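Chains V, X and H, in that order, give the protein sequences. Numbered according to the UniProt record's numbering, the first sequence terminates at residue 337, and the numbering increases by one at each position without gaps. Numbered according to the UniProt record's numbering, the second sequence terminates at residue 337, and the numbering increases by one at each position without gaps. Numbered according to the UniProt record's numbering, the third sequence terminates at residue 337, and the numbering increases by one at each position without gaps.
A pair counts as met if it fits within one copy or between any two copies, since identical chains are not told apart.
For lysine to any residue, the following SDA-like pairs were computed, each having C-alpha atoms within a straight-line distance of at most 25 angstroms: (1) Lys254 to Thr92; (2) Lys254 to Phe56; (3) Lys254 to Ile93; (4) Lys42 to Ile331.
Calculated from the structure, these hints are not laboratory results. Note that the coordinates shown come from a computational prediction; the quantities given were computed from them, not determined experimentally.
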Amino acid sequence: MPTSTWNRHHILSLADFTPVEYDAVLQTAASFREVLSRRTKKVPTLQGQVVANLFFEPSTRTRSSFELAAKRLSADTLNFTSATSSMTKGETILDTAKTYLAMGCDIMVIRHTSAGVPNAVALEMDRLGERVSVLNAGDGQHEHPSQGLLDLFTICSLIDPLQPRLELLKDKKIAIVGDILHSRVARSNIWSLTASGAEVHLAAPPTLLPKLFAEYINDGEASGLDGRRKLFIHWHLEPALRDADFVMTLRLQKERMTAHLLPSLREYHQMFGITRSKLKWCKPNVKVLHPGPVNRGVEISSDLMDDPEFSLIQTQVTSGVAVRMALLYLIGSGKAV
Amino acid sequence: MPTSTWNRHHILSLADFTPVEYDAVLQTAASFREVLSRRTKKVPTLQGQVVANLFFEPSTRTRSSFELAAKRLSADTLNFTSATSSMTKGETILDTAKTYLAMGCDIMVIRHTSAGVPNAVALEMDRLGERVSVLNAGDGQHEHPSQGLLDLFTICSLIDPLQPRLELLKDKKIAIVGDILHSRVARSNIWSLTASGAEVHLAAPPTLLPKLFAEYINDGEASGLDGRRKLFIHWHLEPALRDADFVMTLRLQKERMTAHLLPSLREYHQMFGITRSKLKWCKPNVKVLHPGPVNRGVEISSDLMDDPEFSLIQTQVTSGVAVRMALLYLIGSGKAV
Amino acid sequence: MPTSTWNRHHILSLADFTPVEYDAVLQTAASFREVLSRRTKKVPTLQGQVVANLFFEPSTRTRSSFELAAKRLSADTLNFTSATSSMTKGETILDTAKTYLAMGCDIMVIRHTSAGVPNAVALEMDRLGERVSVLNAGDGQHEHPSQGLLDLFTICSLIDPLQPRLELLKDKKIAIVGDILHSRVARSNIWSLTASGAEVHLAAPPTLLPKLFAEYINDGEASGLDGRRKLFIHWHLEPALRDADFVMTLRLQKERMTAHLLPSLREYHQMFGITRSKLKWCKPNVKVLHPGPVNRGVEISSDLMDDPEFSLIQTQVTSGVAVRMALLYLIGSGKAV
Numbered sequence: 001m002p003t004s005t006w007n008r009h010h011i012l013s014l015a016d017f018t019p020v021e022y023d024a025v026l027q028t029a030a031s032f033r034e035v036l037s038r039r040t041k042k043v044p045t046l047q048g049q050v051v052a053n054l055f056f057e058p059s060t061r062t063r064s065s066f067e068l069a070a071k072r073l074s075a076d077t078l079n080f081t082s083a084t085s086s087m088t089k090g091e092t093i094l095d096t097a098k099t100y101l102a103m104g105c106d107i108m109v110i111r112h113t114s115a116g117v118p119n120a121v122a123l124e125m126d127r128l129g130e131r132v133s134v135l136n137a138g139d140g141q142h143e144h145p146s147q148g149l150l151d152l153f154t155i156c157s158l159i160d161p162l163q164p165r166l167e168l169l170k171d172k173k174i175a176i177v178g179d180i181l182h183s184r185v186a187r188s189n190i191w192s193l194t195a196s197g198a199e200v201h202l203a204a205p206p207t208l209l210p211k212l213f214a215e216y217i218n219d220g221e222a223s224g225l226d227g228r229r230k231l232f233i234h235w236h237l238e239p240a241l242r243d244a245d246f247v248m249t250l251r252l253q254k255e256r257m258t259a260h261l262l263p264s265l266r267e268y269h270q271m272f273g274i275t276r277s278k279l280k281w282c283k284p285n286v287k288v289l290h291p292g293p294v295n296r297g298v299e300i301s302s303d304l305m306d307d308p309e310f311s312l313i314q315t316q317v318t319s320g321v322a323v324r325m326a327l328l329y330l331i332g333s334g335k336a337v
Numbered sequence: 001m002p003t004s005t006w007n008r009h010h011i012l013s014l015a016d017f018t019p020v021e022y023d024a025v026l027q028t029a030a031s032f033r034e035v036l037s038r039r040t041k042k043v044p045t046l047q048g049q050v051v052a053n054l055f056f057e058p059s060t061r062t063r064s065s066f067e068l069a070a071k072r073l074s075a076d077t078l079n080f081t082s083a084t085s086s087m088t089k090g091e092t093i094l095d096t097a098k099t100y101l102a103m104g105c106d107i108m109v110i111r112h113t114s115a116g117v118p119n120a121v122a123l124e125m126d127r128l129g130e131r132v133s134v135l136n137a138g139d140g141q142h143e144h145p146s147q148g149l150l151d152l153f154t155i156c157s158l159i160d161p162l163q164p165r166l167e168l169l170k171d172k173k174i175a176i177v178g179d180i181l182h183s184r185v186a187r188s189n190i191w192s193l194t195a196s197g198a199e200v201h202l203a204a205p206p207t208l209l210p211k212l213f214a215e216y217i218n219d220g221e222a223s224g225l226d227g228r229r230k231l232f233i234h235w236h237l238e239p240a241l242r243d244a245d246f247v248m249t250l251r252l253q254k255e256r257m258t259a260h261l262l263p264s265l266r267e268y269h270q271m272f273g274i275t276r277s278k279l280k281w282c283k284p285n286v287k288v289l290h291p292g293p294v295n296r297g298v299e300i301s302s303d304l305m306d307d308p309e310f311s312l313i314q315t316q317v318t319s320g321v322a323v324r325m326a327l328l329y330l331i332g333s334g335k336a337v
Numbered sequence: 001m002p003t004s005t006w007n008r009h010h011i012l013s014l015a016d017f018t019p020v021e022y023d024a025v026l027q028t029a030a031s032f033r034e035v036l037s038r039r040t041k042k043v044p045t046l047q048g049q050v051v052a053n054l055f056f057e058p059s060t061r062t063r064s065s066f067e068l069a070a071k072r073l074s075a076d077t078l079n080f081t082s083a084t085s086s087m088t089k090g091e092t093i094l095d096t097a098k099t100y101l102a103m104g105c106d107i108m109v110i111r112h113t114s115a116g117v118p119n120a121v122a123l124e125m126d127r128l129g130e131r132v133s134v135l136n137a138g139d140g141q142h143e144h145p146s147q148g149l150l151d152l153f154t155i156c157s158l159i160d161p162l163q164p165r166l167e168l169l170k171d172k173k174i175a176i177v178g179d180i181l182h183s184r185v186a187r188s189n190i191w192s193l194t195a196s197g198a199e200v201h202l203a204a205p206p207t208l209l210p211k212l213f214a215e216y217i218n219d220g221e222a223s224g225l226d227g228r229r230k231l232f233i234h235w236h237l238e239p240a241l242r243d244a245d246f247v248m249t250l251r252l253q254k255e256r257m258t259a260h261l262l263p264s265l266r267e268y269h270q271m272f273g274i275t276r277s278k279l280k281w282c283k284p285n286v287k288v289l290h291p292g293p294v295n296r297g298v299e300i301s302s303d304l305m306d307d308p309e310f311s312l313i314q315t316q317v318t319s320g321v322a323v324r325m326a327l328l329y330l331i332g333s334g335k336a337v
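Isolated chain V, as found in the complex (with noise of 0.2 angstroms):
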């Protein structure tokens, strides 16, 4: 594991995220993913140390990975979710944390609807002075730290898998295509893929555009946004997938559809589906990546999805696991060994 020293407490957003801290995750992430390889999964890393799970939005498969990266480094789990919550009783966010703040809780991982509310945990926490870590597992339409960061450990393991680096990505291009608007999983991909060098190519309908980006496009395509990011965002998909080396889907939410933001699943999928014709606007050895859930035949073609060639959909919820037992690891130990 790196030598470098780790001083993050949080984990809240990839936006200030350094190069030396990314690699440092790459690098964690790569020496647990070895130990995922063995027949006993497991490391006494965190025994004693308790991993709360305070999820208000519901979310098996997220949950799931942090509890197994918990229970992976020994650390004891708390699962909390609003639908067997006091929330109803009228509690606040904060004086739930709170509550397991003193139940004496090391770290606690957050998923919630709004934005920003990992963030007002963590402001609170480090307020009262206490030395609990928070970890943002998806915020609203903010941001999905662990989620960009395992995106872009797979995407460097399969460059290098045994020396996972930000700096692989220079010069690749990296497209990431369907509902910006709406996605956290875009916003920490977009800070993580553009902070290594690689040029990020979204492209979406107009509707599932950010209006901030919208108004940087002329005739459905744009430049890079400044100097050092290179990012281009395009009304079309074959411009946003020529020579692409990596296409990450992003989920499609149904109910934007009932919101008026889409004519139709079918046009949806015809016009910004991923599919092997469109792939051959790409380079050869292009991968898919999609967060999951997949909608079959709506973000993917559902053949697609299956094809291991292609497809990088279940390397990613297996780098999920290393990653956030790095992640855990990172926060929980205060430095890398």
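Based on these hints, arrange chains X and H on the given structure of chain V.
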């Protein structure tokens, strides 16, 4: 524990269980029952392994039994229930299973309202060349093999606690009473009990019998269906109970009433409910089983259920943990020790 | 930990707790609080034992506290909540308890909306000659003994952190304010605090006082109910708070409003809500307790709740884990060490 080699990778059905396999389960479970009688009821056998309980149909009893069995083998457990799942998000069941596979689960315990789901998952895992094992914890009206095995273990252990084995049931008469048509418990028990050489007598109202069976009936009673398996079907309780050694009652889903398959619970209890007076038809030391949860006063009279002289219901629950430890152990370690 | 012998097998009520028992809990909890201040907050005391949380009434806070206490004693835990239970299947509560008994649970922590359920389960377990212990985690409007004990521990620890003991409260004045009528927390606290020799003053609107108590009131104030227990009842806040050392506010269920027991939350806060100005009636170093979750601005003003100079609310939560570890330890090991 048995020295024979265990080759079965998934446990989906008892239809093709061999006598050697039945005996391996019975003997392994007997060893674990001994462990459960100690103060520290835990063994390190599956340390570092992950058992995921994927319950697409809610069940407290069976889920807790599997969870406890896994914890007593020192495995880590993950619970998934459809109520808090991403099923509502449109993911397929195979996708969910593959997600848990990719997280690194070693054994998936699957319950689903539809018959065949555990088989479909197991087939897919094998097709992918994955080592993960699938254990059917009840699928629709198909099978519930761990229930069948725990019932078998309960009965055999009563005859010989130290060496429970299949041959002990040869020539015993066992009645299975109630809603045979909808019962996965009945299906699994019919396979195991007829395999033992016992005479199995089913008793149910015609509306709660499978059509296939109903056709075999002449004047409300049928003889053995084939030369080897001794299965008899009755429209009335008395011939099934006459000189029976064991009586298994099945849970009656109250939904059957609204489906017009039964006139009333009271009439059902009068005709097929097990009471002290009806037990006089059986052998004097007859024992009664029920998979639980019991509708008191419907399938069985309330006082009989609580009478340890007749009722094996609590013993079944205890057997359940030992048998599930045995199953997890046998498929988890790949061989009996 | 105390060297006295612990003989109580179930913890159902504080009505018959002896001073020796109170002191055993206080001293054992003090030992465990020391464990909780270590980095590795775990002891192997209950390894291999199973603690089942049977919560027929949902509660995140209390369930998490018991779960964490059990895990820190290295016990395995099983969670049962009625939402995902077979309660809908028509099983009785005793049947559910017996199922968990038969699975091999060593301690059952039971919460239920009806008073007396934990007692009924304990009686049945004793009748069956079973060694399993029952711990009442709140039953209807009856009792919540672990809350009463953690409040006692919180107060006594403030006076003498190293040797919290019952006699420290002799001649202290403690006010309990709010919905006494519906509060199981008040009931348990009245038993423990009056047992300590403290003067206990209840203050509530007449509609939220038990009828029995209301009859003792003359002109809105009553004197001690019997020679030994010093209990006083008031219809107004001021006489209860005058020179008080501790003020316990109770959670106000908002349902009380719809039941026409209260005119409005605002009026309730004005008359019985704890604020800085009302605290001036008390001793200068008065402390405020609340069992949580708090309706901010109703039972207590929001700024007071967050002021560590006055509020013990977070300390209560921390005490809760230590006290519940003590209870599980005392009934789990059968004796104090």
